[in-house]
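Take the given structure of chain A and dock chain B to it, following the hints.
Sequences listed follow chains A and B, in order.
According to our numbering, the first sequence is numbered sequentially starting from 1.
According to our numbering, the second sequence is numbered sequentially starting from 1.
If you are wondering where the hints come from, they were derived from the structure by calculation, not from laboratory data.
None of the values given here were measured: they were computed from a predicted structure.
For every residue, glycine included, the Cβ atom is placed at its ideal position computed from N, Cα and C.
Among these hints, one or two may not hold up.
Stated by the list, open to error - Straight-line C-alpha distance at most 35 Å; calculated DSBU-like pairs for lysine-lysine:
hint, chain 1, residue 1, chain 2, residue 2
1, B, Lys150, A, Lys175
2, A, Lys71, B, Lys137
3, B, Lys150, A, Lys194
4, A, Lys35, A, Lys186
5, A, Lys194, B, Lys119
6, B, Lys150, A, Lys186
7, B, Lys137, A, Lys186
8, B, Lys124, A, Lys90
9, B, Lys137, B, Lys150
10, B, Lys119, A, Lys90
11, A, Lys35, B, Lys124
12, A, Lys71, B, Lys123
13, B, Lys150, A, Lys71
Stated by the list, open to error - Just some of the chain B residues that point at chain A, by a computed CB distance under 8 Å:
hint, residue
14, Gly89
15, Ala152
16, Gly161
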Amino acid sequence: MSTINFAAREINCKIVYYGPGVAGKTVNLKYVFSKVPEELRGEMVSLETEDERTLFFDFMPLELGSVQGFKTRFHLYTVPGQVFYNASRKLILRGVDGIVFVADSAPERLRANAESMRNLRENLAEHGIDVNTIPIVLQINKRDLPGALPVDIIRSVIDPQRKMPVIEAEAINGKGVFESLKLASKLVLDRLAKTA
Amino acid sequence: MIEPTLALYGDAYDKVDRHLEELLKNTGVRYCLLVDRKGFVLSHKEAIWAPDPPALDSVATLVASNAAATSALANMLGEHTFSEQIHQGENGTLYVESVGAESLLTLIFDSTVPLGRVKVQTKKTIAEVAAILEALKDAPAVEFDEDFSKGASALLDDLLG
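For reference, chain A alone in the conformation it holds in the complex (with noise of 0.2 Å):
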């Protein structure tokens, strides 16, 4: 599903941050763009409401550089995690080609991240995509809260299938947000190859 201008020699790729309210997609949005150099990221657009919870989504397009002549794109959006905004996390998904999951370690979001989880997999299959055939990565989100639960609990609710490759992060200081987002672009470009 990527877009591939081949006049404009650009592969373009859309990853989109997907989970719970307050669970940090925003903010690893947020530490990418304050990290990356200026000339390889575009404009963020956050669209959100007056107490800054994402209203439609965020948005950032970031270049990774020219691969077999190919300039390659990545667009990086969050869709908003309250469970109310539903028509808009089902509009984002659309043409999606990888996904971060970002889970929140709080014992009482345990619920929200499984309700978020089957929320993303229905929204997908209404896009006609099965959830096992598209990239997506675990980021298990505020490992430093204190009281934070087990990794493995919050896994065996989310994926208990063990499918998924799992990051610890906490995106507020930044830990694990690079990786999260490497391992998401290397699985979309790896599908990429394999599967054109």
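Same frame as chain A, now just chain B:
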């Protein structure tokens, strides 16, 4: 399987380019962009008298998202689609119209350009561009080999550590 939603090959790209150039001349609009429904710019033209261009990636993303939201609204209201969107400000107008199922033609212009003329000329261009894009659907898929993955991995290492 990952497939391109739209692939513009050399000749087709040139033809689309010429149609956009012509549209620019015939209407006097400031910018003209062809974007796909995912928000990627396929082709763009700007008038030479235009000021610094806006961030085209952001424009394309917001146009595509807006079109998707508008389409969802249309379905809720029992319509198949709302094929065009017009946003008028004090000084400028953004006009977006669907080109088939995969892309959107976006025009940005100031208040000196009559909307009626833009609409008429755009419809002509859309018919021509839609036919070019339709013919591209039978084009063969591009192939990337293992070296592509290696090259991409090396770039990711450089950028993200």
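Cross-check of the supplied hints:
1. Lys150(B) with Lys175(A): 25 Å, holds
2. Lys71(A) with Lys137(B): 22 Å, holds
3. Lys150(B) with Lys194(A): Roughly 12 Å between the alpha carbons, so the hint for Lys150(B) and Lys194(A) holds.
4. Lys35(A) with Lys186(A): Holds - the C-alpha atoms of Lys186(A) and Lys35(A) are around 19 Å apart, at most 35 Å.
5. Lys194(A) with Lys119(B): Distance of about 43 Å is beyond 35 Å: violated.
6. Lys150(B) with Lys186(A): OK: Lys150(B) and Lys186(A) at ~10 Å, within 35 Å.
7. Lys137(B) with Lys186(A): Cα-Cα ~28 Å, so holds.
8. Lys124(B) with Lys90(A): The hint holds at about 33 Å.
9. Lys137(B) with Lys150(B): At roughly 29 Å apart (the allowed maximum being 35 Å), Lys150(B) and Lys137(B) satisfy the hint.
10. Lys119(B) with Lys90(A): 31 Å, holds
11. Lys35(A) with Lys124(B): 45 Å, violated
12. Lys71(A) with Lys123(B): 32 Å, holds
13. Lys150(B) with Lys71(A): 15 Å, holds
14. Gly89: 18 Å, violated
15. Ala152: Hint holds; Ala152(B) Cβ to chain A Cβ min 4 Å, cut 8 Å.
16. Gly161: 6 Å, holds
Violated hints for the displayed structure, listed by number in ascending order: 5, 11, 14.
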